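*Asks:* Respectively, the protein sequence lines represent chains A and B.
Going by our numbering, the first residue of the first sequence is number 1, and it counts up by one from there.
Going by our numbering, the first residue of the second sequence is number 1001, and it counts up by one from there.
Because the hints were derived from the structure by calculation, they are not lab data.
Treat the numbers as computed from the prediction; the structure is a model and nothing was measured.
Among the hints, erroneous ones may be present.
As the list claims (entries may be wrong) - Just some of the chain A residues that point at chain B, by a computed CB distance under 7 Å:
#1 Leu152
#2 Leu321
#3 Pro335
#4 Gln337
#5 Leu384
#6 Pro387
#7 Ala439
What the hints assert, rightly or not - So the derived label-pair ranges between C-beta atoms look like this:
#8 Thr1218/B with Pro192/A: 31 to 41 Å
#9 Arg157/A with Ser1154/B: 53 to 63 Å
#10 Glu1076/B with Ala160/A: 53 to 63 Å
All residues carry an ideal CB built from backbone N, CA and C; glycine is no exception.
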Amino acid sequence: MKRGFKGGRGAPHIIAAAALCIGVAGAVLSADTYDAADSWWQAGAKRVMPANAEYEDGLGRVRVVNADGPFETQGHPFFTPLGTNGRACVTCHQPANGMGLSVETIRRRWEETGGKDPLFAAVDGSNCPSLPQAERASHSLLLDRGLFRIYLPWPPRSAAGAAIQPEFTIDVVQDPTGCNTDPAYGLQSKTPTISVFRRPRPVANMKYLLELPHGVPPSEFLFYNDKSLLPRNPETGGFASLQLMSDGRDLTLKIQARDAALNHLQAQGAVSDKQLSRLESFEKQVYAAQSFDKVGGELTGEDSPPGLGPEALERGAPARLGNNPINRIFGSFAPWQGIPEKAQETPEQRAQRAFRESVARGADIFYLKRFMIENAGKYNDKGLGNPFKRSCGSGCHNTLLMGMDLAPGYMDLGLNNLPWANARPDLPLFKVVCNADAAPQSYLGRVIYTHDPARALITGKCADVGASMTQQSRSLAARAPYFMNGSAANLRELVDFYDRRFNIGYTEAEKQDLVNFLGVL
Amino acid sequence: MIASIIGVAAGIAGAAPPAGTHVSFVACPVARDTGPDTDVCFFAEHDGNRYALANPPDWGVPQLKHRVLVEGRVKEGPLVCGAIAIEGRASVLAEIDESCSVIIPFDGVVKGESGGVFNRGTPQQRAFAEDLARRSAVDPRLSLEPAILDPPPSPTPTPPFGARELMIAYPYNSDRGSGPDMLKLKDLAGYARVAKARSVRVVGYRAISRLSDGSEMTEGAGIAQARAIKVAAILCALGVDARVTHVSWNGGAIAGTGDDDWRNRKVEVEVTP
């Protein structure tokens, strides 16, 4: 069903079907449905977070399951401004975007508010706080690529605040935003700060990110990469998975929430323990995935692949290795292979059948088609060998139902570092020179040009320059652009990047199959 | 890069050394594609012979862009990766060497074997996976049931508790232990806890490798310390009492003989109840 519910003007009708259908594999769920233009969740608005809602996106609809059931958002810390700039967590983690934030939504918000929405706060919603905030150009990275400014101390500090002696020096080669050379905000300021620009990650399907990995021992306590210890979770005393953030700087949902309130929401005081607990509880039970495709139709139901839709994520076992003949990362797509033609098939039915078969072919390509993965720092050199011949699914995207690297480990796929990164004159470019006695980045050496040193901004290690944690592959249709720096505007550009980076040689038909496959996740 | 490899692809030029012959040399690894559904394998050339570079699991696979230190002895048996099999270790050297760039395309002759869930793990894990494969072919929903069960926990040690030792060997100039060795370390930590060890001694070493041409390679001065401290930190994190853990390292490098010198790059752990 579909209703034109106007966000913020009234409570949506709540469907309890999600609770009823938990554990019923393949059930088609009813849900509230929102037009894309109606779907903005304003910080502090009085609304109801429904148990189950669908939101239109470019390819169809994304469904968000709020597994613990509906609640009034007023006063809930995820939906309430906790700082001084008017933002709430939901500002950058919109249900309509699979709990992430698409650049389409950002642009629409700019047009609707004339750039006055707290989303565009100077602190990180502009290219640099020192720029004239009323001008569109001052927010170009957010409006064009969906990128927020992440500002980090340089040299890095440990979680306890102790200074870390980095293994490298860093110089600004290109500074289109002006922020890294800004006298108040840059590397030479009183509080030396480095600014990089990154996409927000979706706050959904969190159990898969938080659980320590199964199936890749001894990763329950060690990094697979170098067999050093995983960091401790300060709340439980156990080890932390490190999957939460692209650079691993915050280990738990509570730490991340505290950090986000301080930096993104500009909170003046500490977030209370009660608020942190409510944030954690909410975030741990939200699931999001594409549920409907404009051509392919309903993605869940008796005749659909079992891994599609958010209910599969809610039911699924977290942190499992999927690169094996049984667990094909996102499950079997056999239901969409060789679909029999119906008698007197309508054009729509024919198109749907063709699309579904294309998705199934795309799944096979993702799961099975091997290529040479070469010269990926912190990947080929973590014992795997260079080259390492694997498919997308059996290589870097091996977590069952989610598609992160389970190991866990950081890697430089070429998103940030030259010469592999897409041309990005809009981003800062840094020259990293590593100490002679430091272990070099395995394939780039000790002089590296990078748009974002990524993990190395946390560890200070030369070998970590440009390395980031792979992220989940769900709700992609709802939250373009892709990659941590927004380099791929759409799924085709994402596929093209990998095809170029690893010289895979996908055919046009294979690329389209992959795009269709990724679009239904 | 798939390079022109006419010279490399030519047959083995030298006479194959007899089984047991020690070899120790530094060379570029050559990667060989073994088929569309299988991994690449590696070999290296030395004195006109090709030697297969096969390490134990997770000890570190050779990398193009880096030379390898090969230390081992010739094994009886068929060729591996189209090269002479050796028992030993191949260590990836940290510095970049752009000349190490050759990949031999699949020639239809040297074929790899597909790995997977059906030929790893315990018999119980494999039996479970095989049964799940049969059932998921009928019911696709089962494709989301984890096929790889967690390994069963190691049995709790029981008295009498005697002294136990573990030796962990490392690649050249590296403090990265292999996954299997780290699992042994985990078990030893459990043993030390249950046995209420009075002493846990951790000693790190570095070593000299003597090559077949008579030259020597000496590991960096800090590596023995790095190895020892890393192992001690892991033991401590796994619950071993830091008050009884004694960490030391050998400042000098163990002299090489050219015979399995890789065994001297190590950490020794000794648990005394």
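*Asks:* It remains to establish, for every hint, whether it holds in the given structure.
*Replies:* Here is how each hint holds up against the structure:
no. : hint                                : in the structure
1   : Leu152                              : 26 Å, violated
2   : Leu321                              : 6 Å, holds
3   : Pro335                              : 6 Å, holds
4   : Gln337                              : 10 Å, violated
5   : Leu384                              : 6 Å, holds
6   : Pro387                              : 6 Å, holds
7   : Ala439                              : 6 Å, holds
8   : Thr1218/B with Pro192/A: 31 to 41 Å : 39 Å, holds
9   : Arg157/A with Ser1154/B: 53 to 63 Å : 38 Å, violated
10  : Glu1076/B with Ala160/A: 53 to 63 Å : 56 Å, holds
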